[in-house]
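*Asks:* Sequence:
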Amino acid sequence: MPEVLPLPIRDLDQRARALDVSESFIVRAPAGSGKTDLLTRRFLRLLTVVNEPEEILAITFTRAATAEMRARILSDLERAARTPEAADEDDRLALARAALAHAERRGWRLLEQPHRLSIETIDSLCLRIAHGQPLLSNLGGQLTPTEQGARLYAQAARRLLSRLGSSHTALNKALTHLLAMRDNNLADCEGLIAGMLAQRDQWLRIFPISHLGDDEEAWEELRYKLEKPFRDEIRRVLQQAHAALAARPLLASELFRLANFALANGYEELSGLAGISALPSASTLSVDHWLAICSMLLTKSDTWRKTVTAAEGFPPGTKNRAFKEAKDAMLKLLQQFSQEQDLLALLCAIRALPRPHYDEQQWSALRHFFTLLRYAVAELRVLFAEQNAVDFPELGIAARHVLQEENRGLDRLLALSGNLRHLLIDEFQDTSRSQHQLVSYLVHAWEQGEGRTCFLVGDPMQSIYMFRQAEVELFYQVEARGIGHDEHGITCEPIQLLTNFRSHAGLTSRWNEIFTAVFGAPSQSAAVPFTESFASEPAPAAQSLHVHPQIIGTSESRPSSEEKQQAQREEAEAVVTAIEHHLPAIRQAELEGREYRVAVLVRARQHLAAIVPLLRRRNIPFRAVELETLAERQELLDLLALTRALLHPMDRIAWLSVLRAPWCGLTLTDLHTLAGRDDRSQRHLPMLELLEQHLPELAPESQARAARAFVILRSALEARYTGPHAASFSQWIERTWRSLGGPQCLDAAGLENAQVYFALLDGIAPDGIAVFTSEFDEQLNHLFALPDPTVSERAGVQLMTIHKSKGLGFDVVLVPGLDRKPTGDRGSLIVSLQRNAPGGEEEVLLAPIGTRGDDRHATYAWIQRQRDQRAAEERKRLFYVACTRARRELHLFGTATVTKDGLQPGDARSLLACAWPALEAEFIAFAAPASEPAETLLPFPEPSSERRPLEMAANAELQNFAPTLRRLRDLPPIAAMQNVTLTGTYTGAVEDPFARPEGTRRARLVGSIVHTLLEDLSRGASPEIIRPRTQRLLREAALAGRALESALDEVISAVHASLADPDSAWLLGQREGAESETSWTSWNGTGAEVALHTLRADRVFLAGETPGSEGSHITWIVDYKMSAPAGEPIEDFLARQRALYAPQLETYAEMLEQVRGRKLEICFGLYFPRIPRLEWWAPAAE
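Residue numbers (full-length UniProt numbering): 1 to 1182.
Do not rely on the hints blindly, as some may be mistaken.
Unchecked claim - As a list, the in silico DSS-like pairs of lysine-lysine whose alpha-carbon atoms are at most 27 Å apart:
1. K821 x K564
2. K332 x K319
3. K225 x K300
4. K324 x K306
5. K821 x K804
6. K804 x K35
7. K300 x K324
8. K900 x K821
9. K306 x K319
10. K821 x K806
11. K300 x K900
12. K806 x K35
13. K564 x K900
14. K900 x K306
15. K332 x K300
16. K332 x K306
Calculated from the structure, these hints are not laboratory results.
Go ahead and model the full structure; you've got the sequences and the hints to work with.
*Replies:* Structure follows, in structure tokens:
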């Protein structure tokens, strides 16, 4: 095979220019162009010239991007430190070597003190600024950032609504007004207020919510200011229309001549044009004049008229020559205007113009809403103080307030920013106006030419975060005018990258064709021009981009809902078939330890509804990244039922769900029997009593299952408030679940999800009442099911949204559901739009929501249309992001609809609609007769003529459906149950035989996570999972900021120390029959004091007689301990720990021998990851 040579890199000079650290740049970096590589190279180059590393600040928008940038820089520095200099070394290593040499001369010790590299998220920066100036930021104390702000917003909204009827007149009037507008629907009002609080970092700086009281003059001045943007918009559009018509003087003259003719013949809608014979000045023509012109030239559906009738002032000319000439002239004029698409757009814009003034109803609503929002923000801040929490928007608000106050003195601002001299920002296209203002404040005190630089990197074609108020126009604004304020702005030289290092030329060449058509010519400020990119890797021989079209409907009728659902099922089949085509490549990559990832990217998680079940039926493992909420998972539904049943003896639905769950597995007939059949006299009896009463009526197998569950549940209820774990609601539920056999019913992903649920219960008081609150439901709905831990992140199938995939690359990308539309957004209490006027100044357009059922007032609707136009532009960019994740292959799936007007892409808000200019030909070719074969399909095997099981199931009648019963097989007796725990449910004199030091919650959490990671590693997990898995587990435990970083360092340090220890490697080695976190349950006590008691060992395996030796005749029982010596000799510490835990390990051995039914040769061990050290011994001979 001939050698494949790389293609030339077209932008080497631009990349070299970007490393000039004396200049500021703004870089356009298309998908796959290596922007992170360029950023880190710039950072390394800066390290060679600065006096201190803190003079450089790199800002990212996600923790993942921060971690990646820091890891790359440290990896380069470490590589430079451990490898000798070579003449032919790459330039990146040379940069790192120079940076390291400079660091050594300056005494920085970067490899020992990596925290001196200032690389952080913008939220982390805001937190640092706000906490550094607590008085200016108005954030007292060390409030903990939370990502679960929705619960707080709703709570603040409820508190505000509860003040209805209070003595505060203005607030009471405002609440009354809102409720009257929304038909007294409290839930609707709560949602509207909470939605505004979630976005307050954008509107607090522009909404006039300061107290104006009864100062009517001030209110009128404010009204004039808020209405000015509408008047300016009307004037701009009318001037543009006038200029367009003035450029066609002959058409304009004919237009007015014929308008007067039509008016004279009864077309009264043109009365405003009476007496006008030529185009007057722009100031003379009002909106009414232009609306009359629109009525004359346009249909009601905003298209050019094709004909006119007597109703439009042009009677038939059969008997009147003048009428005929006038009508012919009008038809000719319409024909001439039909070529003027720019003028058509302007006339349509005139018809849709907002009103120049608020009507009194709107203005009254705005005044009341401003009052509501002022008090809503105050309520939210009280909640922050009460709960010692703060959301990220509040951190941004506080940081901007600090910088704004310091902006009053440039010297003070420079002091606040420390010795910052070089600012690097990643993903700059995703900045919001608030974030842009923050950055402007940071550089406000800088002077051009004093050696301070900005390096801003982004790609306007990937700006897809409008829902977070990202505005792509800001990128172009900085390109044109620099960043900062007035004369203190920093001018940035534009740089355009062109080379794509991610994808090969077979993909990039097609993308250049597709997105040139999709993006088109920019028509508004939010539109982005498409820039071509060129691959560094040549195209392969095989086709790389595949379109999988489907066609539904006919020209006579719309497709039915059944036809649409069938199309979705067939599309899911095609997606899974494409995935199966790549399974051998995935398996080969796993064997070779390399990367091969297949990604299914969707616009919304509900678009995977037909794909996920099919993947599971085909036994194709996959990782779903934040797609499935825990509340939707069956294991969580079962756990929630168990929780509610234990708390409420009369919650019959919960009890029946517990008995139906796999750990018991009763049939529907069994449940009907236990519930008393249809005996109404038993409807008031608790289920536990009914269970005991009707147990003998069940079949033998069902009776055994129900009896076992009855014993466990009754014991759990009796022991709820006794024993050493009575104060932990979470442990009580978990131990009951384990005793029932819950873990045995789940796969690895299910077990992970169960642990997330128990972590959520950790915050519940022992009485458990909080489980029945809406706040608990909200918390549960905001938790996502964890990805399947058995599926590698490097090789396998991944499912995620397009937004989550941004910044990632995959070997194969499949994008199904192009024709599907997203769920609609609910209306906002105040719809707003911030934009730059043609002169560059910022203008704000506001309109209040209308009454319930009539939400779309003309002004509100006009602002929403402007936002919809921006959303339409963003859809193009979203499609671009989805496609450009692919390295080798791209598959696009969509369904077009046949209508009377031809083949259509469906909903205008779908990705297929925005891609239609490029993909229409593919769909038309597919819809053509069989004699005209399309060339867009993969060469997969032809489908069988026999009906597939999926199709048969999909078409089955509902009455034939029977729910599947899932349950444990071969249920062992309770006394012999293994891997079942119920440590907290024994009673009376049965005491816990072992002392277990509890420590702080943080200490227990760190220990638990270290145990979890060591367990995963013992089962063959890759060490690469350590950091991301630890971060996720800590965040799930509600740790953030410094607390998270500190715990993360402690966990990773302990685990890495273990990995480097030969004894640990021996302990964690893969052995047949080895078990981690194994546990045994037996009855303990006598008589009335008998109870279930469980013991759990961290590691049990067979090996030789000493650590490191192999064999199979010695059973080793090892526990992990996170304690460490505190000032005492290590040997004394180990001896004390051995004395403390030896009885526990000996009891483990006794129970293990009972389970296995024979005497065992045993060695004991305590492993301390933090030291690291293995303390081991053999029991004394009897």
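*Asks:* None of the hints should be skipped; say for each whether it holds.
*Replies:* Hints versus structure:
{"no.": "1", "hint": "K821 x K564", "result": "holds, 13 Å"}
{"no.": "2", "hint": "K332 x K319", "result": "holds, 20 Å"}
{"no.": "3", "hint": "K225 x K300", "result": "violated, 34 Å"}
{"no.": "4", "hint": "K324 x K306", "result": "holds, 16 Å"}
{"no.": "5", "hint": "K821 x K804", "result": "holds, 18 Å"}
{"no.": "6", "hint": "K804 x K35", "result": "holds, 18 Å"}
{"no.": "7", "hint": "K300 x K324", "result": "holds, 25 Å"}
{"no.": "8", "hint": "K900 x K821", "result": "holds, 22 Å"}
{"no.": "9", "hint": "K306 x K319", "result": "holds, 23 Å"}
{"no.": "10", "hint": "K821 x K806", "result": "holds, 20 Å"}
{"no.": "11", "hint": "K300 x K900", "result": "holds, 20 Å"}
{"no.": "12", "hint": "K806 x K35", "result": "holds, 13 Å"}
{"no.": "13", "hint": "K564 x K900", "result": "holds, 18 Å"}
{"no.": "14", "hint": "K900 x K306", "result": "holds, 20 Å"}
{"no.": "15", "hint": "K332 x K300", "result": "holds, 20 Å"}
{"no.": "16", "hint": "K332 x K306", "result": "holds, 10 Å"}
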